[in-house]
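Chemist: Now for the letters of each chain:
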Amino acid sequence: MIALVGNPNAGKSALFNALTGARQKVGNYPGVTVERKAGRLALADGRHVDIVDLPGSYSLDAKSPDEEVTRNVVFGYQEGERQPDILVIVVDAANLDNHLRFALELIALGRPSIVALNMVDLATRDGLELDAKQLSEDLGVPVIPTVAVRRRGLDHLREAIEAAVPAHGQPRGAFVPHATRSEAELRREAQRIARRAVVRETPTRRLTGVIDKAVLHPVAGPLILLGLLFVIFQAVFSWSEAPVAWIEETFAALQTGVEALLPAGFLRDLIIQGVINGVGSVVVFLPQILILFFFILMLEATGYMTRAAFLMDGLMAKVGLSGRAFIPLLSSFACAIPGIMATRTIADPKDRLTTILIAPLMTCSARLPVYTLIIGAFIPNRDVGAGIGLQGLVMFGLYVSGIVGALVAATLLRLGVVKGSGGSFLMELPKYQMPLLRDIILGLWQRAWIFLRRAGTIIFATTIALWLLLSYPKPPENSGQSLVEYSAAGRIASVLEPVLRPIGFNHEISLALIPAMAAREVAVSALATANAVEEGDDEEATAQSLAERLQGRWSLPTALAFLAWFVFAPQCISTIAVARRETNGWRWPMFMVGYLFALAYIAAGATYWTAVATGL
Amino acid sequence: MPVLLTALTPNRPAYVDTVDWTAMSEMDGKRLRELGLCEGASIELLHRAGFAGRGAHACRVGRMIVAMRAAHAAAIHVRTGADIEGEAGAS
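Protein chains in written order, with this note's numbering: chain L, 1 to 616; chain X, 1001 to 1091.
Pulled out of the complex, with its shape left as it was, chain X reads as follows (with noise of 0.2 Å):
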């Protein structure tokens, strides 16, 4: 099952799966593609600013630290490997 990523437990290696383009302006999506963020994208969350984890998150995406609001991690579904283990098992 996709989690959100501001879910996504720390260090833990993901894919990115869909991402609500529409959750944010057309600006901000397409610095976050060139910042390789895109469906596909292997990402792992690395820090979360702030207490309660409202703040800033830092996540690699690729071979890249990249820096980001809650907003916009909200607008990002990834799946972890175990995710798709399971579901190529299923089936």
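The following block holds chain L by itself, in its conformation from the complex (with noise of 0.2 Å):
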């Protein structure tokens, strides 16, 4: 097995990428909630070896629990992993002298390594000339220069490779590690090095130097950050109406298809109010998200993504966090659960779990369906002025009540449970790179499919589960009963009800909050499926919208509050359970659950009873 390990930033992801290509598989280290990206890698000669992406380290002592990853795996402590056989230390060639310190610490382990000199033409471009020849005499092991993102030195990196990889049969050669060297001797060493590589250099004006003065400026700086912000969140729900509506075309065909196909009954209710008006709803947001990573990916590989984080640390330390907070809480506007698993980059452990705890305020893309769906049947369609719409208005006032509770949430968690030190902020800013389209497209890739299987699964099963409980027990025939009031599901709502009634939820809404526990969204989906069930086969009824049926059951206040609910309530099983994982127990997600419940309990209350005396 091959481990690719190096400083992050030195372009091992993309390294990666261009070794394994499609051939990879995204998972989780057992017991922690860092990502396991393994692959594999075709030798010329036909053997394959596997190859493992490691979390970018600045050396074997680990302050985070990416890094502990990174040691452990090296070790051979990491559960569930092999020791690598061969290490590919991946360097960023214009920053050889700091990257070179942790190459040297590594080649000290006396495994068979290479390493790749990657980002040349970066280093070109700063002026730089390097001689990789120089380099590996000095540090005693093969130098291959690379370009990951433009594929160059691949085939001079898989030949290394090769020559290093054991044969079959052939035992493992035995590791002979070097005498450890203290870190000022390391810096020293890895300094002298650098400079003994350096052909030519050349001071150049530096397009990252550019493009910094206006990003990082103290005005223009948060400006363009806001104005990216407003654009990433315009084009998620303008470029999704096409893909979106196709969606909804394909699963209107299906119903079709299977209504022809089937004769009335069990089977086909099931099929269709269950498995294709359910998992539908949900699937129908895929664009959304997808648009949403898409932004997030870009800002990552181009190298903006730890400006804005530079930017926004002002704001995060009056609340008691740091500025690496940002890209955890950016994206968990797309999901919660990356947002938590990015989490583990933030080395200080109160600002870790901080940032874990206030994850799931910020509007996640599951979210969307719930608020798209009231926004439109309750938000009159006009304008307020200045070309702004109402609806879309109600909506930023949604995403703004969540980012605006999440640091009202931080600030008292910093002054209460998770007391401590302010936290610190110490990061590389990366230079600017442009991004390679097949490796976002490979990342948006992944996470379509990460959906889709919780759209297969969860979601399914969950909607399925509801169809049942909603459907039965039948009420006796002509008693003049619902059917879904009589229901399992209708009687388990009724239970909740008491308690739900004071903040203006009414039945349908008590039962939508039970499935919705398992994945926001699936309370748009169990609302469908209730109107579904409860239409039956009233022809008229169905081809109505759900919208427009919850138009004439709910009123305004009703509404309003359900919108208010869903800005804190933590309905996500998948955001409970990583919680759990990353915090290494359940005292902190049950806190979570318990004052997130709390705070949606008191704003959608709040809400109802403002909107009931106002009028509304």
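For the record, the hints were derived by calculation from the structure and aren't laboratory data. Note that the coordinates shown come from a computational prediction; the quantities given were computed from them, not determined experimentally. Be aware that one or more of the hints could be misleading.
[Claimed, not checked] If you anchor each label on the Cβ, the simulated ranges turn out as follows:
{"hint": "1", "chain 1": "X", "residue 1": "T1022", "chain 2": "L", "residue 2": "F75", "range": "49 to 57 Å"}
{"hint": "2", "chain 1": "X", "residue 1": "W1021", "chain 2": "L", "residue 2": "A108", "range": "19 to 27 Å"}
{"hint": "3", "chain 1": "L", "residue 1": "N584", "chain 2": "X", "residue 2": "D1020", "range": "33 to 41 Å"}
{"hint": "4", "chain 1": "L", "residue 1": "F75", "chain 2": "X", "residue 2": "E1039", "range": "28 to 36 Å"}
{"hint": "5", "chain 1": "L", "residue 1": "W609", "chain 2": "X", "residue 2": "W1021", "range": "21 to 29 Å"}
In this text, a Cβ means the ideal position worked out from N, Cα and C, and glycines have one as well.
Reassemble the complex: the two chains are provided individually, in unrelated frames, and hints are given to aid placement.
Modeler: Below is the structure:
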């Protein structure tokens, strides 16, 4: 097995993508939420070797959970991972003196190692010419110049790997660690070797400096960031219109097909009302999720994301967090799960815990189905002036409420249960790079697959279970009782209803909130399924959209309270499970669930009571 | 005369003279050194975030751009090339 290891921003992931292509498996290391990216590398002699992309690290002295994984894999301590036979050490050619320090630490382990001198094109762009042969002589291992994003140098790297991989049946060579050296000794040695490797260094006007002058400017920088966020959220809605319509048409066609194929009865009802209505109402949001992830991946790949963290550090510091928290929090707008996973780069444990606890307050894409449905049904589609629509304004207000709620929650958490030092902010700002479309598409594909798998498993199972609970037992014929009210789900909702009634929630909402614990977006499919079951074969009612049906059944204060509930409610079992893994126990996830439910109840109640009092 | 990094004129090349490692946690000190910031390293203040420059500082350390809070920057004393030339002339 080969491990790709190196400093953050050395271009490891791009090299991993270039070497493995689409033959990748993304998962987690057992017991931790650190992402494990593994793949297969085809060698010229026909052999295939496993290759794993380890999280970026500055040294073997780990300070954060992802750096711990890197250290543990390298030493062979990591559960669920073999000790690598070969280390491919990735260094940034333009940052040799710094990256060589970690490379020397790794080479000193005595393992077969190859250095990928990556991003040589950017080094050249910066006026730096390097002698790979000299570097190889000084390090005592092969050094291969590469440009991972342009697929350059990969054949030579494969050849070097092939030469180092033991042939079948051949025993693995014994590892002879070199003498350990102090941090200062390693640094001096790295600087000495880096100086010897530089053939020519001509000062050039660096592109990164030119861009940073604008994007890190104290006034222009935050404005550019705000503008970017505005464009991203606009795009999420406007670009998704056409693909959403295609998905809706596909599911409608499926429904018609099933109606034509199957006779009326249990199976047809199950497939149409349970599967197609339920799963379809969630899958329809795939375009929005992918558009949001597209921007997040682009911001990360270009190097802008760390600049955003730099700009946001001042605000974050005021609520007891660091600018680093901005990256996981922005990811949480797509989904809290990758957001919580991204907190692993935050070294300070209390900073990280606070970020995890507030991540579910960022408006994740799973809330979009709920927001879109209720806003579409209850908020008039009219301009409030300057071309701003009322519906968009309400949506914006919901996003802002989540952000403000998160900032207030972070402040209170840092003053109370997660009390500690103010944390710190130390990070490298990488050079700007043009992202490779292929890598972005690969990242999007991985996220789409995760979402569709979720839709095909959790959401599929819960909508089927809900359909069964909503459909059975059936009320006695001619009793005049509603099927939904009489069903098992209806009875469970009746137990919850007295608690939720004071905040304006009706029986239907109480019912939708039960399966929504599995995933927020299921609230919409639950309402769709419940309505489909309720309307039965009433063609006129079925022809009405879900939004139209809700308009007739809910008051405006109830709808607004429902929206306020979803700004704060922690309804997603996967998020709670990830928080449990990340915090190594149930204590903090339970605290998170408790405080978020309390917030949701208060917010929904306050919204409902205010709306009723003002005569809305 | 060494000056604090926070007081250094932006885009003026300098060298790290001393770092008050006791002014920061051991972990932050180690991370700063891993980012190449130690006595003798070349440094250049590039940007200050926020109004009145109280936000994070972005500095070129060697060939890397490192972001740190003003509190950390205030623990770093730097000397500019002019200082070094001046001292050489005086001796």
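Chemist: Each hint needs a verdict: does it hold in this structure or not?
Modeler: Results of checking the hints against the structure:
no. : hint                             : result
1   : T1022(X) <-> F75(L): 49 to 57 Å  : 32 Å, violated
2   : W1021(X) <-> A108(L): 19 to 27 Å : 25 Å, holds
3   : N584(L) <-> D1020(X): 33 to 41 Å : 35 Å, holds
4   : F75(L) <-> E1039(X): 28 to 36 Å  : 31 Å, holds
5   : W609(L) <-> W1021(X): 21 to 29 Å : 56 Å, violated
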